[in-house]
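Q: Chain A is fixed; fit chain B onto it per the hints.
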Amino acid sequence: MGSDVLIFLVLYYVVVVGIGFWAVRKGGANNLEGYLLGGRQVGPLVTAMTLQATSMSGYMFLGGGSAGFTTGYWSIFYASGDIGGGVVNLSIIGRRMRKLSKILGSLTSIEYLEHRYPHPATRLIAGSLSVFFLFFYILAQFIAGGKGMALVTGLPYWAALAFAVGIIMIYTFLGGYFAVAYTDFFQSIVMLIGMVWISIVTLNAVGGFTAANNAIAQIDPTYLSIWGKDLAHKGAWPDILGAVLIFSVGYMGWPHVVTRHMAMKSPRTARMAGVYSTIWNIFFVTAPYMLGIFAIILLPNLADPEIAIFTLAGELLPGAVTGIVMAAIMAAIMSTADSILLQVGTIASRDIYQRFIHPKADDKAMVLVSRILILVIGIIGFIIAVVKPPGVFSIVIFTTSVLGSAFLPAYVCAVWWKKANTPGAISSMVGGALSAYLAEITSFVLPPMVAGVLISFILMIVVSLATQKSHPVPAYILKAMDLTAEVGPIPKGILTSAEFDLSPEAMAVRRKLDKDK
Amino acid sequence: MFGLPGMTAAVLFGFPIFWIVYTIIFFVKSKDWPEDVETEEKGGTSNG
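Protein chains in written order, with this note's numbering: chain A, 1 to 517; chain B, 1001 to 1048.
Isolated chain A (complex conformation) (with noise of 0.2 Å):
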């Protein structure tokens, strides 16, 4: 692989943000406030797919086909969940978020939880164990892309992981909020391209599905059972639950993705955009994981399985159209890593330093700390990747569960259960979190997102009823819940009260923008 590749790589780039300027000069300086939640005008399709990309990327291309290859079939039950997390996320709380946030005037999703359990604390732990695991999300990224850049260039890994970040902050910095929506979506289609293209060769590549899993059978029966490779799961019905609840339910609480619901054009769109979820991740979720799976048969001695789905597209497709996967990819990787920075750099700057060390903050300031975090981010993650990188895989399913284990019922009580309150949502968050870590460091009987998930919900339920008086849900609250459960139009007067306040980030480019006119 090389020149053709990277020819292919920059005229994606081109491309891409030639789709962000374009998006910018569309919106112009009067909708900005899209920057911030990734376009508030934003459709079912759109939505749809912009949830799904930033979701997927370097977990799925590197993560999703080590899986498969290490495992056989037992990785589907990450991708049997995976399938519905969309049309979960959207059918559950889309509608109702979107509605809700609007109401309460929240333009982040951790402002959000600070709105609706008011208190200070809330946004300071929520704003904090967010930045923390997310940073782990990044550091999954920069560790793919520095793998993909590396079978992409032929540069020793050290040299491509830094050649990768370097462009992810470069990427962030100076394009981070043109990356709206619009990108995502042309990103989606073009993975959906490159993923039937590269799925269709390998299936003829193996003989066809059949063939394919008599073929594996030969080589070790028990990748074709559910238990996976030398059954080393079986009867494990607890793994089993979560590594189905991860991703189907696990979505809920991940800071990243459900601000993608404030962003809906209206609160309707949640419907058709499950619709649409779940007929994209039907085919998209799982083919990744089955690559991985026919790599056991096509690439017997490889010697990493997170490049499964990179060597076979080198070694399948031709030139040209490698490149065209290996830049989809590779974008993809880059996007989201852009993607979740920016959003770490913004919980930062105003839900953590604007918030409580300096509220008369200017933009400027905030920009800065928001640049100064991810430049730490950027050179800590790259010290940590070159080190002793984790692998991909088990780094995601961690930051899962975690951040689902801490946030799910937070956001999914927020909307539903009027006792919800303040404290009941504070012990979730860090009783959720806590145990999802304990889990996993002490190899817990149960999986670390059963285990959080469960104490995050006992604790919310516990210490609400617990509190209810000391601590009631204020009127507001609750009648704003109300109109949430309503079809319909919010009624007059009840916008209005809403504050605005673009990000650092959107104003500086607003006043880029002024300035260019």
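Rather than coming from a laboratory, the hints here were simulated on the basis of the structure.
Among the hints, erroneous ones may be present.
Stated by the list, open to error - Listed next, with one range per pair, are the computed distances between beta-carbon atoms:
id: 1; chain 1: B; residue 1: I1020; chain 2: A; residue 2: K479; range: 36 to 42 Å
id: 2; chain 1: A; residue 1: L231; chain 2: B; residue 2: F1002; range: 28 to 34 Å
id: 3; chain 1: B; residue 1: I1020; chain 2: A; residue 2: V10; range: 37 to 43 Å
All residues carry an ideal CB built from backbone N, CA and C; glycine is no exception.
A: Frame of chain A; chain B shown alone:
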């Protein structure tokens, strides 16, 4: 089926079928959601 053990085939095909059914049910039950637009007029009353 397709050279797979029965349980594996059940998982591989069963979950997508389950999610398709879930999505259909969701789509049907949310049929009044198109009324949930963002305007500032007084609105409807059904619960979703």
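Q: Take the hints in turn and mark each one as holding or not.
A: To see whether the hints hold, each was checked on the structure:
no. : hint                          : result
1   : B/I1020 to A/K479: 36 to 42 Å : holds (38 Å)
2   : A/L231 to B/F1002: 28 to 34 Å : violated (20 Å)
3   : B/I1020 to A/V10: 37 to 43 Å  : holds (40 Å)
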